[in-house]
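Line by line, the protein sequences are chains A and B.
Under my numbering, the first residue of the first sequence carries the number 2, and numbering increases by one thereafter.
Under my numbering, the first residue of the second sequence carries the number 55, and numbering increases by one thereafter.
Calculated directly from the structure, the hints in this document are not laboratory data.
All clues given are correct.
No farther apart than 30 Å at their CA atoms in a straight line, the calculated lysine-lysine pairs in the BS3-like style are these:
| id | chain 1 | residue 1 | chain 2 | residue 2 |
| --- | --- | --- | --- | --- |
| 1 | B | Lys77 | B | Lys166 |
| 2 | A | Lys97 | B | Lys407 |
| 3 | B | Lys207 | A | Lys119 |
| 4 | B | Lys235 | A | Lys108 |
| 5 | A | Lys97 | A | Lys6 |
Computed from a predicted model, the values in this text were never measured in an experiment.
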Amino acid sequence: MTKYKVTITNRDNVEYEVDAKRPILDELRNQGVDLPYGCKYGGCITCAAKLTSGDVDQKRQVALNNWQLDNGYVILCVARAKSDITLEIGTESHYKLYRNPFLEPLKSYQLKADIASKEDI
Amino acid sequence: MNKVCCGPGYASPIEAINAPREKLLYTIAIYTGTGIQKPDYLATVDVDPDSPTYSQVIHRLEMPGIGDELHHMGWNACSSCHDDSSMSRKYLILPGVRSNNLHIVDTATDPKAPRLYKVIEGAEIKSKADLSGPHTVHCLGSEIIISFLGNAKGEAPGGYLQLDKEFNIIGRWENSMGGIKFGYDFWYQPRHNVMVSSEWAAPNTFMPGFDLEEVGHLKYGRELHFWDFEKREPVESFYLGEDGLVPLEVKFHHNPDSTHGFCGAALSTNVIHWWKNSDGKWQWEKIIDIENEMHPEWPIPLPGVMSAILVSMDDKYLYLNNWLHGDMRQYDISDPHNPVLTGQVYMGGLLGKSPKVNGVEVAGGPQMFQLSLDGKRLYVTTSLFSTWDNQFYPDIREKGGVMLQIDCDPENGGMKVNPNFMINFGKEPNGPSRCHEARYPGGDCTSDIWL
Chain A
2 MTKYKVTITN
12 RDNVEYEVDA
22 KRPILDELRN
32 QGVDLPYGCK
42 YGGCITCAAK
52 LTSGDVDQKR
62 QVALNNWQLD
72 NGYVILCVAR
82 AKSDITLEIG
92 TESHYKLYRN
102 PFLEPLKSYQ
112 LKADIASKED
122 I
Chain B
55 MNKVCCGPGY
65 ASPIEAINAP
75 REKLLYTIAI
85 YTGTGIQKPD
95 YLATVDVDPD
105 SPTYSQVIHR
115 LEMPGIGDEL
125 HHMGWNACSS
135 CHDDSSMSRK
145 YLILPGVRSN
155 NLHIVDTATD
165 PKAPRLYKVI
175 EGAEIKSKAD
185 LSGPHTVHCL
195 GSEIIISFLG
205 NAKGEAPGGY
215 LQLDKEFNII
225 GRWENSMGGI
235 KFGYDFWYQP
245 RHNVMVSSEW
255 AAPNTFMPGF
265 DLEEVGHLKY
275 GRELHFWDFE
285 KREPVESFYL
295 GEDGLVPLEV
305 KFHHNPDSTH
315 GFCGAALSTN
325 VIHWWKNSDG
335 KWQWEKIIDI
345 ENEMHPEWPI
355 PLPGVMSAIL
365 VSMDDKYLYL
375 NNWLHGDMRQ
385 YDISDPHNPV
395 LTGQVYMGGL
405 LGKSPKVNGV
415 EVAGGPQMFQ
425 LSLDGKRLYV
435 TTSLFSTWDN
445 QFYPDIREKG
455 GVMLQIDCDP
465 ENGGMKVNPN
475 FMINFGKEPN
485 GPSRCHEARY
495 PGGDCTSDIW
505 L
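Isolated chain A, as found in the complex (with noise of 0.2 Å):
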């Protein structure tokens, strides 16, 4: 069983080992992390975390558009470590999540990949 280490920066850094099979919220919240979340299926962006460090699989999510995954953000409840990682959780992490659309729109390759154009386009 392979695991990695998970590092939370806005908890003091404290440290937590995760299965590389399971999903990252559920492992957390096993070791009593009080985490938020919603759907637990990758779609509604509740238990968004900010990636600071290493690699997560993610591709189950269907929440985040290209301008939140250049962020950072990785959704918990679906993404599993591919390696160490350091996170920042909670909705403190969250000033890059949320944008109004009227004040600062996102350019066409910062859309949900299956919509948004190439970034050279």
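On the provided structure of chain A, position chain B as indicated by the hints.
Structure of chain B alone, referenced to chain A:
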């Protein structure tokens, strides 16, 4: 002669108008998406001006888990069961949009302190009916149908879940979704064998937040659907185009003989009116068009975002909100083809026209509202949906939502904020929460339907 009857609700809209005034009101309040790790809850609000706890939350029923995002509610029974003495308006159904759980709450045993009766788990609904993203609840005689906006994976168009009166899952209500692309709200008018349904978007689209570009990419709806209610399948759809972007709430007249109904197209910020003409054909037209407004510092004109509409029990007035502009409006729709603006008040909004109401800074804008049966008191809340609030009104995290009450003049028209009523959900014991839909124990203007 009027039949003496002991089922729930009222024999007619007129009887509902003459019912005793509401003394309690229920509203949901959320912590989902706010940063506070507490369950969403059902708040009981004292709306009796003679009570010492008037204009206060007097009870809070927490849901069993976090992350539901309670949103809309519905009764187990309404005036459509008025002839059935075995039924009573006892249970309020509280769907969790994100968790998919349905909470059945007993409000009758102690109306001031509702208690949880049963939870239908989201996972069971996914496995038995392949549905997620519950929204509108209506009762159908002794059974209940609930619109769901997606399948178990959160993809449109979803469908309708049917429950029996003991809250067991019967399965999918509809026989076919036809070519419908999205689901949202619905209302039915049994004497005309019709149901009308509207379109928001797939849960995977609207739950993470709103993006204007996704409307252009047809990720949001722009059609209304007319159903053969008995055959449980759609028979006719109207493409509303630019006039009907994101058609949300649908309301028929309360008069069960009427074919007139209305839909608020949220992003176009228009009211669409439909009716059946003398040839028996359904027609539609745009009757209200709220212009976009420029925010002084923003590049894109701001639509009102009409997320809700409501028709008074006497079918004389239509109420609507402009969540981003910040105003509530009242229109006289005595002639449904030619509405007349008769009242308007501002509360919050992004244009800065009324940042403070009754001494409280309002984060958000007028959003969800419930009118008293007699048409005199309109209760208004300010939060739309956690992720959308977070995009448009980020300060609602600290300030929470509010509930205000507008005095409405049902004789001559007109609206004004009641200075004695204000519930500041920013001061809740567990921290700022956000209130949304409201219901009265005795039935309300957004539930009761007559057969």
